[in-house]
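Residue numbers (full-length UniProt numbering), protein chains in the order written: chain A, 1 to 756; chain B, 1 to 756.
Note that these hints are calculated values from the structure, not bench results. A couple of the hints might just be wrong.
Identical copies go unnamed one by one, so any copy, or any two together, can satisfy a pair.
Taking lysine to aspartate or glutamate and the DMTMM-like style, the derived pairs with C-alpha atoms no more than 20 Å apart in a straight line are [said to hold, decoys possible]:
1. 702 <-> 89
2. 693 <-> 228
3. 613 <-> 493
4. 679 <-> 348
5. 688 <-> 228
As the structure is a computational prediction, the values presented were derived from the model and not from experiment.
Spelled out, the chains give:
Protein chains: 2
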Amino acid sequence: MANLQDIGLSAAINILSALAFLVAFAILRLQPVNDRVYFPKWYLKGIRGSPTRSGTFVKQFVNLDFQTYLRFLNWMPAALKMPEPELIDHAGLDSTAFIRIYLLGLKIFVPITSLALVVLVPVNWTGKTLETIQNVTFSDIDKLSISNVPSGSDRFWAHLVMAYVFTFWTFFVLYNEYKIMANMRLKFLAYENRRPDQFTVLVRNVPPDTDESVSEHVEHFFCVNHPDNYLTHQVVYNANELASLVERKKSLQNWLTYYQNKYERNSSKRPTTKSGPWGLWGNKVDAIDYYSSEIEKLSKEEEVERQRVISDPNAIVPAAFVSFKGRWGAAVCAQTQQSRNPTIWLTEWAPEPRDVYWPNLAVPYFALTIRRLLMAVALFFLTFFFMIPIAFVQSLANIEGIERVLPFLKPLIEKPTVKSLVQGFLPGIALKIFLILLPTILMLMSKIEGYTSLSSLERRSAGKYHLFIFVNVFLGSIITGTALQQLKTFLKEAPTEFPKTVGVSIPMKATFFITYIMVDGWAGIAAEVLRLVPLIIFHLKNSFLVKTDKDREQAMDPGCLTFATSEPRIQLYFLLGFVYCVITPILLPFIIVFFAFAYLVFRHQIINVYDQKYESGATFWPDVHRRLIIGMIISQLLLMGLMSTKNAENSTPLLIVLPILTIWFHIFCKGRFESAFVKFPLEEAMVKDTLEKATEPNLNLKAYLQDAYVHPVFKGGDLYKHLVIDEEESSPLVPTKRKSDRGSKLNSGRNSDVDQ
Amino acid sequence: MANLQDIGLSAAINILSALAFLVAFAILRLQPVNDRVYFPKWYLKGIRGSPTRSGTFVKQFVNLDFQTYLRFLNWMPAALKMPEPELIDHAGLDSTAFIRIYLLGLKIFVPITSLALVVLVPVNWTGKTLETIQNVTFSDIDKLSISNVPSGSDRFWAHLVMAYVFTFWTFFVLYNEYKIMANMRLKFLAYENRRPDQFTVLVRNVPPDTDESVSEHVEHFFCVNHPDNYLTHQVVYNANELASLVERKKSLQNWLTYYQNKYERNSSKRPTTKSGPWGLWGNKVDAIDYYSSEIEKLSKEEEVERQRVISDPNAIVPAAFVSFKGRWGAAVCAQTQQSRNPTIWLTEWAPEPRDVYWPNLAVPYFALTIRRLLMAVALFFLTFFFMIPIAFVQSLANIEGIERVLPFLKPLIEKPTVKSLVQGFLPGIALKIFLILLPTILMLMSKIEGYTSLSSLERRSAGKYHLFIFVNVFLGSIITGTALQQLKTFLKEAPTEFPKTVGVSIPMKATFFITYIMVDGWAGIAAEVLRLVPLIIFHLKNSFLVKTDKDREQAMDPGCLTFATSEPRIQLYFLLGFVYCVITPILLPFIIVFFAFAYLVFRHQIINVYDQKYESGATFWPDVHRRLIIGMIISQLLLMGLMSTKNAENSTPLLIVLPILTIWFHIFCKGRFESAFVKFPLEEAMVKDTLEKATEPNLNLKAYLQDAYVHPVFKGGDLYKHLVIDEEESSPLVPTKRKSDRGSKLNSGRNSDVDQ
């Protein structure tokens, strides 16, 4: 077991690597050539222009103002400077709510840590159990943990009381945070400008009608059942085929640009390519001609498909976006049942136009239930049996296997150095690839489940990932062994035994988790701010594909907060905090450092880098809250298990109260706040409608809503622009002259608010 | 263990006692003097008049037409004669849906039984395992059960396949039944006449306002937020105190009548009573004078309280019944969230006026969550620890305890015969009293939980009773021992072990359950039809309290279907059926007899006897469905446990599919049908509104709704009458001249449709 020196060494290494990342970041971000990697958000907002137009040639690429290097950490205070309301305006409520999860971690754990260090550490340290046992090696960390308290000691009262104090403190913080979040969301929805989704309801499972088209049927139904409120509707085209054609054309276009650039730089030789798949096989052809003709062919195909989709009645899916004369009408329609058959005419709030996941709009009810059953079973197998196919791949991917499949590599990999490298590397690589692919797999599963908006897809994937992390990282590290073995243990042991088995191992795993927090948390977050992959990709694209400013705009990859993967990871830190706050409080400072550092970094990122794909108004908060509650309950059960092995069984009746209280607290909060995230109160809707009627009596809402929900392929990039402009015209962050074509009319010259 | 002879004997005894009850019933019901006990429903409907006015004196009390005795079983076909639509008209949808549960039992188990007897009984009988074991006593029943199949035999395939067949058959029946039920409910709601609750929404947790009264606040809020739909509203008075005064007055009135009658019969002596509590202590006073003056006193008090309630603003609770101009408006308001704070302005469909549980209308949200937490904990303790206080009472209630408390009884109970009787009787009596009180206790708990309608209270109590029966009757009989011991077993054993422990004991308990079914099911149902307790009470009341026809009307106790206790008991029979259909199929015929007999009896009872207190439109069906699903899952898990002890572990993967499918089926049905029972589709509402507007353009809805939701004490008995008349005037069952005063204008002479 690691002692304090080992931990210190590990901490030093991780802090140094984190620092190295930060220094690299500090230097790289000051180079004008990297400006679009580290400040893409400002470019997209149109506030920051390309720095390549001003100054000398060198200055365009390298920052020679050495004074700025001295202030290389000044992004940290700058990240904190922007006040929250402005942050919501600038980055959206989703991002702001997301970084508040880190802040929530600080709010919960800073007071708990202080108290635990003051009360529990002395109680544990003077327990002196471990010193009396001679033949067991123990680390200094363990002396600070509950293991150092003798069995059946009265000292456990301290832990018991602290468990209560910590629980109630967490309740207090969580309740307040939920309240703040609900108010923030309602305020956000109330003060935001007119948006199409406020007036619109997504109707699915429109029943087929022999006499009427989908469009007529929808119109008649809503004219009859919402006569005073119905305004207009838009049918949904099944444009998935068309979308894939557009996608392919875009990729060909990139290749064409690449070869054109190549030819421009070296005009002595026309570039060539091969006509087979991936340009690897087939006849050698002139690249520029080949791609030009391919694009032309595809354009024709696209046009045919576009006509087919618009004219063919079978291309209309039985779903529609129905718009109402006011928010009240939409709120009513979204919250009520329309037909006596509850599986047709399903209505729900329309997601933002950007947030719609188009391919899923047409899944019928029965297929949905079947898909969800299958995915639930699949998730179970994925979580508990994922090691089986990986072990199979690993058994294939050894030296002999490679030699059999690719005999020509034999001389190379028979070399001792290469051989040992391959043997050491290969078994791990299958697992690594699986873990990298996992979020994609989970997202695919959520898509199969048939959710209709990107935000709900992300939320569902996060739930799946949370389960996976809990079983395979948390439990997997504590009871070493695969998830499958844990499942067996779980099924074979009594329900009261399982918390004991896990609880007993918890204090011993503290050092492991401290190291984990430093590697995954500290260094991982520092790597996040450096953005190494987008940096490389941007420069590659910039060299090969960029011709105009617009191309450069598209070459930027601002990225976004990936809720589906990040949030479950944060939940792991919360879980570790809850579990160890009573057992090994010395772990808490490491978690606090993680939360504080991550808060800083992500606040900087959402200000300067990330560009969210949609805005859901923090709809994910109930999920966050629920998972925190799950973490608390798990920690309480494990504490109970641990205590009962310490001859402190009398504490069980007192400890069982905690999970019951926690469940009750959850139900209470759910009833109190959740509806703010799923429903829209009529009172609000009425207030906004009345206000709008008074201020804009001549508003032509029908024209405003006419094209709001059109599949993006029918609009090109116009859809997004339309929205962004609309929002900014009414509340511009800074004065901007940009009206329609974002790329060409950028404000030149660097803006003064670089670091905000 | 019992063999076939024992079972036969037990069956004979139970069949004989059931027959005795039936014969007694057949004779008693033909006596005109019992007419109001066995046909109260028809009196309440006003179709049947008192038989005492016609014929000779003797004929008024005893039926001398001996021909009718020969046809003593002819109530059975008569009970089946009334077609279902007419039954719904006559007895209401609640009652009709309730007896369909028995019919559902027949639909599920008749085909299953035939198949099981044809396939599984031969498979088990020829298993010949039990015959080879010499030193184990076994019964003939066991030879027909799965115990007779050798471990690890291929014969288990038959059981496995049958488990699948039975499950899918049950799915099929359940799905159809849910569909029929949902349609029946929607049709019932659609075709029923105008009722106040169609236009009305119950609003609770009206926030306090310093400037406005509750009434003004409600009016303003709904005028603003439902401007086109709001019609009127009624505030709710806290009239609990007044109601208890009225109740006391009624009881005094009864005593007064009793003494008046006594005096009339024997006018030589004025009756006396004692003025202390229960007329047992205190001064001797003239009874008629005493009660007259008491009633006068109470009437004054009542008048004062009535004035106080009406004038005191504090007597108005923060709840109101808000009525709308149409069903559409009410449907919208009931299904949407009103305020941004989801714990105020809570709206839900108003229950029928008769169905409102007035004392619970004013419970605030926070108190509700606390109460529900406490009741959940209380239910847990009640279910698992109820034996502790009973054992305590039993330990007190022995001979010595009685002698200590009531020493004067010593000479009596020291007698050997009395002593043995007391010793044998006393321990059981505490348990018996508890079991009789249990439904009341559970109902009290539901009331504390704060539900606002009688129907929801009944549904909640049924849920609690179901848990109690499952743990204490089903599990308690299988693993003999108290629930507390079961809880310990459950916690100490692995989750896979518990089904094994229970599963292994199941085949051995078949004979016990067969006896249970005969005693509780067969004989119990036969006793139900006899109505011994209401018979005695009616004759007591008739002799002492009845003066006028109206009094006699009130002396009738038609009773009603007690959903809260009957439904969980039926569920036990379903559970037994599901569990034993694969294991000991010979138990099934006994269940079928129960279902068929109970169906007959209850159909007769709802036609001729019961008078439901409210009509909820079969809102309970989702609960029935859910508990059937729970029963199926339990049976599947137990079968899995049993199979794995029979060296047939390979079947586990196949059997685990069943509960997963069942859960999926439940989710599917819930999504497909449940909303028919909790929501009201706007389409329906709009159709009815439009129709009404066309047929009755001059309807004064406001006047119609004005007094619909007034606390019953403000109306006396008028409230119920009002409703009944309204329903019948529009669709009278048979022509009746009764218009307003039910008691005085009864049709005299017996009607011809007695037995329908």
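Q.
Taking the earlier hints as the rules, which of them does this structure contradict?
A. 1, 3
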